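Sequence lines, in order, name chains U and Y.
Residue numbering for the first sequence is 1 to 319, as defined by the working numbering.
Residue numbering for the second sequence is 320 to 622, as defined by the working numbering.
In short, the hints are calculated from the structure, not lab data.
Computed from a predicted model, the values in this text were never measured in an experiment.
Just so you know, even glycine gets a beta-carbon here, dropped at the ideal spot from N, CA and C.
Among the hints, erroneous ones may be present.
Stated by the list, open to error - Example chain Y residues on the side facing chain U (calculated, C-beta under 8 Å, incomplete):
{"hint": "1", "residue": "Arg348"}
{"hint": "2", "residue": "Ala352"}
{"hint": "3", "residue": "Gly375"}
{"hint": "4", "residue": "Val378"}
{"hint": "5", "residue": "Glu379"}
{"hint": "6", "residue": "Thr382"}
{"hint": "7", "residue": "Leu415"}
{"hint": "8", "residue": "Gly436"}
{"hint": "9", "residue": "Ala460"}
{"hint": "10", "residue": "Val463"}
{"hint": "11", "residue": "Phe490"}
{"hint": "12", "residue": "Gly493"}
{"hint": "13", "residue": "Trp609"}
Stated by the list, open to error - Computed footprint of chain Y on chain U; a stretch qualifies when at least three of its residues, placed anywhere within it, have a C-beta under 8 Å from a C-beta of chain Y:
{"hint": "14", "region": "72–86"}
{"hint": "15", "region": "176–187"}
{"hint": "16", "region": "207–215"}
{"hint": "17", "region": "292–303"}
{"hint": "18", "region": "308–318"}
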Amino acid sequence: MARLLGVVPWVVEQDGAHLDDIAARFDYPREQLLEDLEQRLFFVGVHPFTPDTLVEVRIEDGIVDIQYADWFSQPMRLSPDEATRLLAAGRSVLDMTGESGRTATGDEDGAAPLVRALAKLTLSLGSERADGADYVEVCLGHAPSHTLTGLRGAISAGRQIEIEYYSQGRDVMTTRTVDPARLLSHDGVWYLFGWCHRAGAERVFRVDRIRTLAVLDSDTQVDLPAGPPPVLKVDTVDRTVTIRLAPEAAWAADYHGARERTDHPDGSVDAVFAVASESWLARVLVQLGPQAELLDGDPGIDPNLRAATAGRMLARYRQ
Amino acid sequence: MDKLERLLNLTAALRNAAQPLSAGELRARMAGAYSEDLAAFRRMFERDKADLRAIGVPVEVSTLYRLDPPVEGYRIPAGAYAGRDVRFDPDELAALHLATNLVRLEGGSGAGLARLGGAASAGAASEVEEVGELPFHDSLAKLVAAAIGRRAVSFPYRDTGRHVEPWRLSFHRGHWYLVGWDVGHSTERTYRVDRIGGPVDELGPAGHPVGEGSDPGTVKPWEFGEGDPIEVRVLVDADQASWACHRAGVDGEPREDGSIVLTLQVREPAALRSFVLEFLEHAEVLDPDWLRADVAAWLEALV
């Protein structure tokens, strides 16, 4: 019904439109559209349902003409929910393309279509200002823009890349040749999805940990399937630890995505974390310091991890 | 009568009404659309009203005192149905359509675009590969509407009620943030939208002028706090240098061996310590001396 209420004002404004155009424009299956127009809209009207109070729908040679649809001829107001979705999607794309979207002067004539569209969206929602972009801001990820631009270029040209990549989990720097397939934003972080020739497998890389990027002259060799983005598996780790967090550090349970948490009356929290790597755990324990206590861990997790790590780090300060 | 036809007729009747109509009057005017059985009619009518509201048709309720006893009356006020007369050019609709295909928001029907007049290039845009999905919260739309309409709102947050004039909604690092004026505390505040613990209620018009507010994405944890910042220099090894610069939002000064010195303005030393510790043995505080000693003492206590 929402779709049909979008079709009617458009057809009225166009003074008639072709069935195929309507179907494409509104993503409306043609058969369904024909049925809705001929079998349903055609019989709509108000009391006393004399011909002059009925909507008139005529379809000749595929051209749809709608008359007397006064109740439906204006486009319906956007709900805040729909407007927010459109604004957020639009702002995301501005973030990707690096346009600010801010038009302080209110002069939109030279602006990109999307910037103009967002300004109009805001206006249609009753804004007194024409600066559509300012109410909603989206950052899809923090990464150097030259890296993102380079990756996009390589993907669209089908070129291989060589990256120096810092793997925080294992705390090592590696150089890899990758067939880049897609850039994905997940939880406000940019990821590169591609085929890693070093691993001989599909890999997901955090773009902000790519230290250097070189686009090679060679074409990509592996075609990765298109379709829905691969699920970014962040929680496939089986090793877990239980950490007791002092009340001042209780926030860390949410922050580091605890799988389970038990709150104690004194405000402390026992949190169970999945351990992606030992260096991740070392980092968390050193950062939280006296506010965190390793209670219990799977075999294979060094109970002296924190002390050993702190000792290595201290060496820098003793010189 | 088919449901779509009945809903369209109901919408027409509600829009056509010069004054609110009772359910009984609507049934009489809709010639056979509804069941003769009163209970069945009421059920159907309630469901239809809910369906219309779900797609954004503003069905308004009032009390009809002209009837005895008074009953609920319904209509769609002329001003509430239609949006402002804003025309979107084809290239603008195409750009919006492309955007909704690139970035999806959790849930959502995509009905918004149809309402604006469809998208001329619907076919082409649907071949674009999605780059990501953003979370969506029920309160988000209310907060955006309040920001646009310059209204104040109230909501529960961390177990207390807040009275806020929303300015802006920002998505950063996986979360939506509300930036606005906290009326109760007379200060600018930033809230995590997913931590709003209950319904957002609209209050009256906003009174405080809209400010810039802090940008949740660019303010670093060590920059929060009161007073004058102190200057801190941090040395980071070559392998982590570019990542560190990026995280800290500064360029840094490279040394010959590829390592880099970051100069940071710090108001919250504990947050800076945490940032430096994140690099494990690949970074250290160079100066001031007291902060260097503070980090060393922190580590000493863990050995």
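Checklist line | Those earlier numbered hints the structure runs against, lowest number first | finding: Violated hints (numbers, rising): 2, 4, 5, 6, 13, 17; every other hint is consistent with the structure.
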